[in-house]
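**Student:** So the chains spell out like this:
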Amino acid sequence: MLRATSTSDARPLSPASAWAAEVAAVFVKDWRCEFRTRYALNTLALFAFTTLVVVSISLGPIGIDRARGSKVLPVLLWVILLFSVAAGLPRAFVQEEESQTATALRLSATPSALFCGKLLYCLTLVGALELLVTPVFVTLMSLKVESPGLLAVTLAAGGYGLAVGSTLVAAIIAQARTKGTLFSVLAFPILLPLLLLAVELTFSAVGGGGGSGGVALPQLLLYDASITVAGLMLFPVVWNP
Amino acid sequence: MKTLFAWLLWLWISLVIVGAFYYAPQAEGFQDGSDRILFFHVPMAWASFAGFIAAAVWSVRYLMTRDLRHDRSAHVAIQLGLLFGVLATISGAIWARIEWGAYWNWDPRQTSILISLLFYGAYLALRGAVEDPEKRARLAASYAILGLVVTPFLYWIMPRLTFSLHPEPVVNAEGKPKMQSEILQVLLASGVGFTALFFWLHSVHTRIQALAERKSAEME
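Chains A and B, in that order, give the protein sequences.
Residue 1 is where the first sequence starts when you use the numbering used here, and the numbers rise one by one after that.
Residue 1001 is where the second sequence starts when you use the numbering used here, and the numbers rise one by one after that.
It is worth saying that the hints were derived from the structure and are not from the lab.
Note that beta-carbon positions come from the ideal geometry of N, C-alpha and C, so glycine has one too.
Heads up, a few of these hints could be off.
With a Cα cut of at most 30 Å, we get these calculated BS3-like pairs of lysine-lysine [unchecked claim]:
# : chain 1 : residue 1 : chain 2 : residue 2
1 : A       : 71        : A       : 144
2 : A       : 29        : A       : 179
3 : B       : 1215      : B       : 1002
4 : B       : 1135      : A       : 29
5 : B       : 1215      : B       : 1135
6 : B       : 1135      : A       : 179
Label pairs and their in silico Cβ distance ranges [as the list claims (entries may be wrong)]:
# : chain 1 : residue 1 : chain 2 : residue 2 : range
7 : B       : 1017      : A       : 218       : 37 to 45 Å
8 : A       : 75        : B       : 1124      : 24 to 32 Å
9 : A       : 75        : B       : 1068      : 37 to 45 Å
All chains, full assembly: derive it from the sequences and hints.
**Tutor:** Shown next as structure tokens:
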């Protein structure tokens, strides 16, 4: 039962605390389900690892020279992250429809709490993916990062945008027929501006950018803010029949 | 009244075509004759963008009223937006081949219009994947509004992020169009004409779709 109650049962929780407890309950429930099947974790990790290996083998034992690498490798990093996200994140809502638990979830959690709970779950998955992929990618490709701080901020802001956009699109496609392919079709036009901004910032972080990093970061943060507000406003419409 | 509007529209567009070839002078900095494409390319891009905005407005109206007529209008606006967007992309590519030597070179504006075409395609794919009309309308409206949130990044922010060979738009950063007045007159007249053409086609297509839906409901 996701509806939050106080531990003593005598004192009801304030609306804000009840909402936060609902968010936490959705988040914990999702991770509990995830640890039972490990579907998203395995998919994300294996997909990312496979693409990393393919990219590394394709570039050969010598790799790529630094001048070209700083132009090409940031793109490859974000392509790996984007496709890994597309492989694992739609599961957040698709599993609710497939296991026929969506109706129970509609009854037991408010839409905003459900959206934030699912978003937190997706955020932790994307964060784990970035923590796994980025160091291996940097090591395997011998990528020299001039500004690790900027790279970390880019990964955080880019990962957040990926998680928000994916959460909302996953809620949409969960109610459609062709779920798997439809996620990529719907998510990519929404996520491409984020991807282009993140790639631009990663160029700057590895020292290959054209100096637009300072402009791109506020724009990326603006994108994150816009998509979060849109997600919070649209999710109740998407979720409730 | 509708017939009169259609005839006036035909006359207006005909005058724009004549004006584009015989009234407007050769634009400075363009290869001989290539600037004529822009009298049609730019208004088609405007009309495509108008489709985007109109679809989002009708989607908001659908979510507020749950009237399926607004959903039908949003759907038709996206279909026409896609048509005008494809025509703008093709005409732009032909112009780019003449001026820049290549049909496609990932100029920020080419990237922006391509992403918006992907968005239109995705909207139509979503509609095709949901059978229930109410659910389809609800999900499609949400997606159209989500697209509108991303639009400013496509049309205004990204093209200014990197270097672009694309000529400055009429509505530029300085707020002053940098072109001869005759060229501006024809371009604005063409913009009005193509926007009116968009909404005339929208009205015809919406009525056709309403009739088709009524007929299929009668057959069921």
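**Student:** Could you run down the list of hints and mark each one as holding or not?
**Tutor:** Now for the hints, and whether the structure bears them out:
| no. | hint | verdict |
| --- | --- | --- |
| 1 | A:71 to A:144 | holds (12 Å) |
| 2 | A:29 to A:179 | holds (22 Å) |
| 3 | B:1215 to B:1002 | holds (24 Å) |
| 4 | B:1135 to A:29 | holds (27 Å) |
| 5 | B:1215 to B:1135 | holds (21 Å) |
| 6 | B:1135 to A:179 | holds (15 Å) |
| 7 | B:1017 to A:218: 37 to 45 Å | holds (44 Å) |
| 8 | A:75 to B:1124: 24 to 32 Å | holds (28 Å) |
| 9 | A:75 to B:1068: 37 to 45 Å | holds (43 Å) |
Taken one by one, the earlier hints all hold for this structure without exception.
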